[in-house]
Structure formats: C-alpha cells, structure tokens
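Residue numbers (the numbering used here), protein chains in the order written: chain A, 1 to 295; chain B, 296 to 593.
These are calculated hints, taken from the structure and not from any lab test.
One or more of the hints may lead you astray.
[To be verified] Partial selection, computed: residues in chain A whose CB lies under 7 Å from chain B: (1) F79; (2) L80; (3) C85; (4) L108; (5) F230.
Note that CB positions come from ideal geometry on N, CA and C, so glycine has one too.
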Amino acid sequence: MKSPLPWLLRLAPLLLVAVCAVLLIFLLQRGLGTFSLSLLFGDVPPLQAIFGQRPVWDGLWPACAGTLCLVLLTLTLAFLPGLGCGIYLAEYASPGKASFIGLAMDILAGTPSIVMGLFGFTLIVFLRQTFLPNANTSLLLSAGCLSLLVLPVIVSSSCEALRALPRDLRITAFALGMTKKTVISKILIPQASQGIAAGLILALARAAEDTAVIMLTGAVANAGLPAGLFDKFEALPFAIYYTAGEYQNTEELARGFGAALLLLLLSVLLVLTAHFLERRYLRQRQGFHAAGRAR
Amino acid sequence: MPKSDRAAQKRQDKDSEASLWIRLATFLAVLAVVALCGMIVIAALPALLASSHTPFEWVWQPYQGHFGILPMCAGSVLLALSALALGFPWALAIVIWHLTEEAQALASARKGFGIFIRLLTTVPTVVLSFAAVFLLTPLLRTAFGGTGMCLLGATLMLSLLILPTMVLVMESGLSQRLDALCPHALALGLSRYQLLCHCVLPKNRQTLIQAAVLGFGRACGDTLLPLMLAGNAPKLPTGFTESARTLSAHMALVTANEVGGAAYNSLFAAGLCLLCTTIAVTLVLRRLAPAKDQKTHS
Numbered sequence: 001m002k003s004p005l006p007w008l009l010r011l012a013p014l015l016l017v018a019v020c021a022v023l024l025i026f027l028l029q030r031g032l033g034t035f036s037l038s039l040l041f042g043d044v045p046p047l048q049a050i051f052g053q054r055p056v057w058d059g060l061w062p063a064c065a066g067t068l069c070l071v072l073l074t075l076t077l078a079f080l081p082g083l084g085c086g087i088y089l090a091e092y093a094s095p096g097k098a099s100f101i102g103l104a105m106d107i108l109a110g111t112p113s114i115v116m117g118l119f120g121f122t123l124i125v126f127l128r129q130t131f132l133p134n135a136n137t138s139l140l141l142s143a144g145c146l147s148l149l150v151l152p153v154i155v156s157s158s159c160e161a162l163r164a165l166p167r168d169l170r171i172t173a174f175a176l177g178m179t180k181k182t183v184i185s186k187i188l189i190p191q192a193s194q195g196i197a198a199g200l201i202l203a204l205a206r207a208a209e210d211t212a213v214i215m216l217t218g219a220v221a222n223a224g225l226p227a228g229l230f231d232k233f234e235a236l237p238f239a240i241y242y243t244a245g246e247y248q249n250t251e252e253l254a255r256g257f258g259a260a261l262l263l264l265l266l267s268v269l270l271v272l273t274a275h276f277l278e279r280r281y282l283r284q285r286q287g288f289h290a291a292g293r294a295r
Numbered sequence: 296m297p298k299s300d301r302a303a304q305k306r307q308d309k310d311s312e313a314s315l316w317i318r319l320a321t322f323l324a325v326l327a328v329v330a331l332c333g334m335i336v337i338a339a340l341p342a343l344l345a346s347s348h349t350p351f352e353w354v355w356q357p358y359q360g361h362f363g364i365l366p367m368c369a370g371s372v373l374l375a376l377s378a379l380a381l382g383f384p385w386a387l388a389i390v391i392w393h394l395t396e397e398a399q400a401l402a403s404a405r406k407g408f409g410i411f412i413r414l415l416t417t418v419p420t421v422v423l424s425f426a427a428v429f430l431l432t433p434l435l436r437t438a439f440g441g442t443g444m445c446l447l448g449a450t451l452m453l454s455l456l457i458l459p460t461m462v463l464v465m466e467s468g469l470s471q472r473l474d475a476l477c478p479h480a481l482a483l484g485l486s487r488y489q490l491l492c493h494c495v496l497p498k499n500r501q502t503l504i505q506a507a508v509l510g511f512g513r514a515c516g517d518t519l520l521p522l523m524l525a526g527n528a529p530k531l532p533t534g535f536t537e538s539a540r541t542l543s544a545h546m547a548l549v550t551a552n553e554v555g556g557a558a559y560n561s562l563f564a565a566g567l568c569l570l571c572t573t574i575a576v577t578l579v580l581r582r583l584a585p586a587k588d589q590k591t592h593s
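Okay, chain A solo, but in the shape it has when bound:
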C-alpha cells in the first residue's frame, strides 16, 4: 500500500537538513581558508608561543589555552562532587532522598547558563563588600560557575552507568562476603568507568562551548595566556562573540570564522566520542546481562 504521507511531512526533515547544510557550508567556505598554523599563532613561531616566551597578538592561541585551562579546572572542581553524588543516588539513596536530589539536579540542569554567570557575579560583588575588597572576576570563578553547569551531566551519567550494571555482579560480590564499600570501590566503579568517562567528555563539551557564564565571570578579549587562577583570561567562545560585534578589519573577521569552525569541530568531536563510548558501554553491559540470564 502506498503511504498517505502528506508532502508537508516530507518537507520538514528536508528543510532542516537544508538549513543546516547552508549554515555549515557558509561557515566552511569562510572559515576553512583560515585553517593554518598562523590562525593559532599569528606570526610568532609556534614553540615560543606555546611556552609563552613571546605574546601572540594576532592568533587564537591565547583563547585556546584559556579554554583548555578553564575546562580542565572545571572538571577538576566538578568531578568528585559529581561522581560522589551519582554513587549516592544509584547505591545509597532512599526513594525520598533520591527524588529530592533528583529535583535539585533537575533544577540545576534547567537553570540558564546566564543565571549561573549572575550567581558568580553576585558572589564577587558580595565578597568585595565584605571580606575581600580586592576580589575580582577570574579564571577560578568562571570554572566554579561552569562546574555548577556541568554537575548535573556528571551526576546523571555516573548514576546511569552504575544502574546499567547487571545485578548478578552485585549479588555475586555480596555472596563472596564483600562489604558494600568494597563492592562499590573495587567492582562497580571500575566496571562502570567507561560510562562515567562518557559523561565526563560530555561535560567537557558543555564547559568548552558555554559563553554566557564566562561573559559575566571574567573572560576578556585581550589577556594573553592565562596568568593565574585569580586573573582574567581569554576563551574561544568569548573570542567568537567579541569578533562578531567588534571586528576592525577583514583579517579579524576571517579569524572569527576560523574560531567558530574550530569550536564547532571541537564540540562535535567531543560529543561523538562520548556518544560512541556510551553506546559501546551500554551494549557491553546489556550483552553481559543477557548472557548471564541465558545461562
């Protein structure tokens, strides 16, 4: 039988693909030509630029380095609280507590990133009026606010990874006389590590692309390489935003397109990696589970 699908329904996905293709081709056309070492380092020799011996004025290297520091610092801050909360949620929490923590994480996940930025900004205003009159927006503050942003991602992915483990594993381990602590730290977490890693990579991608938070908490257009935890810094997304409004010549505009393409590639790559890790993890677990049942 011929399907009675109206043409409008066929048009919808085609339109979506077409719009995205137009945007992507536009970005590629304007940005691909700029991809070279000089996009990152300008006319400074790369090694000297990387080690900060000579400042880079017309390249993206300071912004990339800033984003790298920011993302690593964010993960450092968010990893342990996220993992711990995920373990608690999956293994210990009573239904009431689980629903309360779930609510808190849902609220956090739904909070717009600009509000997280405002939280950091409020914190600095508060600190300035009270204990630390010299406090200012900085790398550490941005990383702290970003870690709030990625916390729900880490919590839910580590919780899901633990829940996806076959129950036989737990029962066997308990039957061997292990205490719950040993089971969790020696068996469940190593078994779930791939799923947890997928969540971390996803969190990395979120932290790398977010602009609104760092806009309010210390990203600036010209700071050079990140100097320290309490200094202002440059970041890739902020550089893109800044270029769109304030570019002076075609060269800067071309660099903006290069930066946009770079960030797009980075986040797509990260998310694809996380996606495949997660898929492989779930397939392995379910395969293991099914095999256990069949026996």
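Let chain A serve as the given structure and place chain B on it in line with the hints.
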C-alpha cells in the same frame, strides 16, 4: 525486584553506610543548588522592596532614573513563544516522518538522521549566532530594511536551536508506544502513519506538552542568540521586524556596561524572573514525567 532481594538489600544498607566523601559530595552538590537560588533571591530583594526605581515598570532609561525590566520580560516571553510556534509543528512533522513508513524503509538514512539530530543539540549557540549574524542578518536587512537585527531573525534561529531537543523528547515518548501497538494495528490494515495520527498522538498529548514546555524553557534561557541577533532595543517590540531585548540579553549587557546602583538591582530582579521561569518549567516537567511512567507500566 523480588521481595527477598529487597530485604537483603536493606540489610546490606544497614551494614554499610555511605562513606564520608560520598555523603560530603552529595551534600556539596545539593548545597550548590540551594546557594544558587538563595543568593539570587537575596540579591534581588532590595530591588523588589525598593519604593523608588522599581524594576517593574515599562521604561528603561538609566539616565532618567527609570530601570524597568518589563519590556525585557515581554521580549523574552514573546521570543520564546514565537520560536515555539515555529519550532513545535516543525519538530512534530519531523518526528511523524521519522516514525512512519518512508523513514522506516530507509534504515540507514533513518539512523543517520538520528545521529544528525543528536549532533544538532550540541552545536555551540555562539557558533550558531555567529553564522546567523553574517548570513541571516544581511538577508533580513535587504528584505525589510533597518539594521537586520530584529525579532524575526532571533525567532528563526531560536526555533532551530530548540528543535532537536523537542524532536528527541517526542521521539523517545512516542516510538515505544507506537511499536507496541504496531503488530495489532498492521494486522487490522492500518498503516503506521494512520496508527500514529489517530491513536498514538491523541493518547500521548502529555509527551507533546512535555516537549513544548522543555522547548519553551530552553528558548527563555538562551542568551547568545537574542543578544547577537535581536538588536537589544529596550522597548516593547510592535512587530517581527522590530528590535527587541530579552531578559538574558539584558543581563549580559548590564553587567558589561553599568557599574553599581539601581541598574544592578534591576539586573538581579531580571535574574530572579528568569530563574523562577525555569524552575517552574522544571517542576511542570517533573509533574508530567511520573504520570507518563505509570502509563507505560500499566
């Protein structure tokens, strides 16, 4: 879970409490949420209680002492609703196409489209806005005159931003139920399309509402697209080719330009409005979700 297993589990729980770092981590995570909400409420209190320079008026003229954020509230709601009006039917059409015969016949294309949608959710908004500023804005400028920075451009891009999220929510809600009914319905001579339109969609309004609410929340919260595309004039827009400012864009602009005083107070009031909206969205979504689960179980 069988009853004896549950009892054994309970005994195990009593044997071993969660270790200290796990409890500390959980406490920290919950504390962060409470601190976030509390801090913004406390910061917004002076603005809410102030008798002069109240943020709840329709005029934003900092030099004349008017710090009203109502035009921005209206801008946010207007923009989110229009993006939803455009994005929701589009997402619904895509999901219907994706679940019915044509897409089912092309298995590889269907899988590729699924990955494509998933990738779309991860496109950085700043990249999307950047591309739109140099592609869409000139087009709008030649079509309607003015600067090209208008509500229409932001609406178009925002609908593209919330589309993949809504598609994923609808798909995960509908596909299982469709597949469960399929053998019976196909035996009766219905096509998947007829089954979807006449049985599954009317019975699963909840999923559609969930998708719409989630889309609305995301559209309200996004900063970069309105900031870069909508023009940011602090007044009530009267048409789609007019410039508008949203709460989120307002917050970004005020922190960048003003130093202290009543402008800051209005900033915190704006933050509180936005936070309340998204918390309401979260609560509505949680209300909708358990009902959905019960339905699948019974």
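Hints, verified against the model:
no.: 1; hint: F79; result: violated (10 Å)
no.: 2; hint: L80; result: holds (6 Å)
no.: 3; hint: C85; result: holds (4 Å)
no.: 4; hint: L108; result: holds (5 Å)
no.: 5; hint: F230; result: violated (19 Å)
The structure fails hints 1, 5 (numbered hints given earlier, in ascending order).
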